[in-house]
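Taken in sequence, the protein lines are chains A and B. With numbering that gives the first Met the number 0, letter number 200 in the first sequence gets 199, and the count goes up by one each step, no holes. With numbering that gives the first Met the number 0, letter number 339 in the second sequence gets 338, and the count goes up by one each step, no holes.
Derived by calculation from the structure, the hints in this document are not laboratory data. From the three backbone atoms N, C-alpha and C, an ideal C-beta is built for every residue, glycine too. Careful, some of the hints might be misleading.
[What the hints assert, rightly or not] Negatives, chain B to chain A, calculated, CB over 12 Å:
id	residue
1	Pro63
2	Arg77
3	Gly109
4	Asn201
5	Met204
6	Arg258
7	Leu320
[Unchecked claim] Label-pair ranges, simulated between beta-carbon atoms:
id	chain 1	residue 1	chain 2	residue 2	range
8	A	Ala47	B	Tyr196	35 to 45 Å
9	B	Leu200	A	Ala67	28 to 38 Å
10	B	Val97	A	Leu92	19 to 29 Å
11	B	Leu200	A	Phe144	24 to 34 Å
12	B	Asp37	A	Ala47	19 to 29 Å
13	A	Phe144	B	Lys153	51 to 61 Å
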Amino acid sequence: MSEQLSRLVVDSNTGIDVSLPVAGPGVRSYAFIVDWHIRVVLALGWYAAGAAFYNGTLSLSPPPKTDALWFGAIAAPALAIYFLYHPVVELALRGSTPGKRLAGVRVVSRTGAAATVGALLVRNVFRLIDALPAFYGVGLVVSAFSRDSLRCGDMAAGTVLIYQATQELLPLESSRKHPGMLDAQSTELVLELLQRWDTLAPLARAGLARQLLLRHGADAGVVNQAGEQELHSRLERLSTGA
Amino acid sequence: MDQTARRHALSTALLQRAGLWREAQSRLDRLAGTRTDDATEAARVADDYRMLAHDLARARDLLPTTRTRDYLEGAYARTHGALHHGEWRVSSALRQFVRVDLPAAIAWLGPYLWWTTLIFLLAAAAGYALVRRYPDLIGLFASPDLIASVERGKLWTDGLLNIVPSSVLSVQILANNVVVSLFAYCAGLFFGLGTLYILGLNGLMLGAVFAFVGAHGLAPALAGFIVAHGCVELSVMCLSAAAGAAVGEALIRPGRAGRMRSFSEAAERSGRVLIACAVLLVGAGLIEGFISPNPRVPVGARVAIGVGYWLAMVSILSGRLFRIGDLLRQPQPRSVANDVAARSG
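Full structure from sequences and hints, please.
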């Protein structure tokens, strides 16, 4: 997995560099589309509720003559929700938005640290350029061709969009006390299969268990005849080196 | 023990540390959403960081294409980000911004500000001279409605409040001004040319309109309308352009740091000024919506408001306002007479 992603490598004071998986234009667009829907729904919701309250009916039409209450309480807040969604939410969630969370990405500085308030504001100001001529055309093209998939706003603010580290990838810790025949990768596979055992379909887990046991020298006749319980205990013995 | 067996033994030992990694990440989760003054917890995160660095280095060697390595990369990056974040408390970030960052950015923008102001004034003079010499050219700068209104001997701003309420007018104006100001800044991305275009065009329009209304004897009325909000609005225009020019120059002459880094540094430094500009434009928009079109506000009051707001802007941007505040808050040296009086009292 790590080999497929482009990575931004940052020095650290431990001497071991930090490797940040950079998010590309695809996931960037996905996060944006989710956020766009959220802000459209919020802005329209505000407008519809305000208009219904103002008109006293379910009508959404504005008054024929400009009215301060209509503008100040209904139209302006709806526009503010739509246009200020990104800067406000990114500041509140420290470089993330609901769309970015759903896409598993977040904004950080190019040193790997959390982006500062100033950087997040500059990043959002440059949406004016990235959004040109329509549908974030400039931003999309620039992020497709730039190193580290940066749009103009990221270049200006010194930020980068990275994949958020998930915690679900770690297999069970090994309890093997003695090094056996398994290499690290196989140990991981065995441990992961044991970890997921209950969530897999019986046929699938049995098939995988047989393949792993056969690969590590188990007797084909015995393994093919073994039931699920037997396969599970054999895998456990394999993982502990017993 | 041969090399393979040794690597197996090391890998196994490494995998047995997964519990420690999980513990480190849970600790980080606990601390991430909260503020704590507990130094022990913070020190433990720093220990976790070193532990993860150590294990990651081994994982990169022993388990290069495994999920364990991916996990450790993520955990290490997360801990790195948590330990190296900037100021996030809004009050102290704001204090730092107005007292230190903003005045420093303004001082850095000083030369650009002189140049953009000069260009704006030259453009305004050029627009004035052009329309004065060739009155028909006003069609290039002003709308037909504006021209028709002035030719009837009335400013287009007369009776504005009968058409649009002040609050609506204010929001429309300030939104428009903020967008123009941000565009003038962002257009610096086109090697500064976009900024120069917007600045020049605004200067030309201002000069041209003044020449046109002057020819119809309405220049004093227009100046009276503009003075309350225009001092700050036009200054902010020049400030935004200065910020855009700084960004443009960073792209044209990046220096040793490289174009990308230079651009990024210039944009972040000058971007601070933009935040102040947007706030100042909100004030100018409110003045333009409530005071400028109101015929009951006398010219003297308009001048006082315009100049006062401009002076406030200068003292905020230069940091003088907060330096004066600090001086006033400093404890005064007590005299011996006061001490004696206090003791006897």
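Query raised in the report: Is the gap between the beta carbons of Val97(B) and Leu92(A) within 19 to 29 Å?
Result: holds, 24 Å
Requested in this report: Beyond 12 Å from every chain A Cβ: check whether that's true for Pro63(B).
Outcome: The claim breaks: Pro63(B) does not keep its Cβ more than 12 Å from every Cβ of chain A (closest is about 9 Å).
Query raised in the report: Is Arg77(B) truly not at the interface, in the sense that its beta carbon sits beyond 12 Å from all beta carbons of chain A?
Result: violated, 5 Å
Report task. Determine whether the Cβ-Cβ distance between Asp37(B) and Ala47(A) falls within the hinted range of 19 to 29 Å. Result -> Because 47 Å falls outside the window, the suggested range is violated.
Query raised in the report: Non-interface claim for Arg258(B): all C-beta distances to chain A beyond 12 Å?
Result: violated, 10 Å
Query raised in the report: Is the hinted range of 28 to 38 Å satisfied by the C-beta distance from Leu200(B) to Ala67(A)?
Result: holds, 32 Å
Query raised in the report: Could one say that the CB atoms of Leu200(B) and Phe144(A) fall in the range 24 to 34 Å?
Result: holds, 31 Å
Query raised in the report: Ala47(A) and Tyr196(B), beta-carbon distance inside 35 to 45 Å?
Result: holds, 40 Å
Report task. Just double-check Gly109(B) for me: nearest Cβ-Cβ distance to chain A has to come out over 12 Å. Result -> holds, 20 Å
Query raised in the report: Taking the closest pair, is the beta carbon of Asn201(B) still more than 12 Å from chain A?
Result: holds, 17 Å
**Report entry** Assertion that Leu320(B) lies outside the chain A interface [Cβ separation over 12 Å]
**Finding:** holds, 20 Å
Requested in this report: Beyond 12 Å from every chain A Cβ: check whether that's true for Met204(B).
Outcome: holds, 21 Å
Against the hints set out earlier in the document, violations occur for numbers 1, 2, 6, 12.
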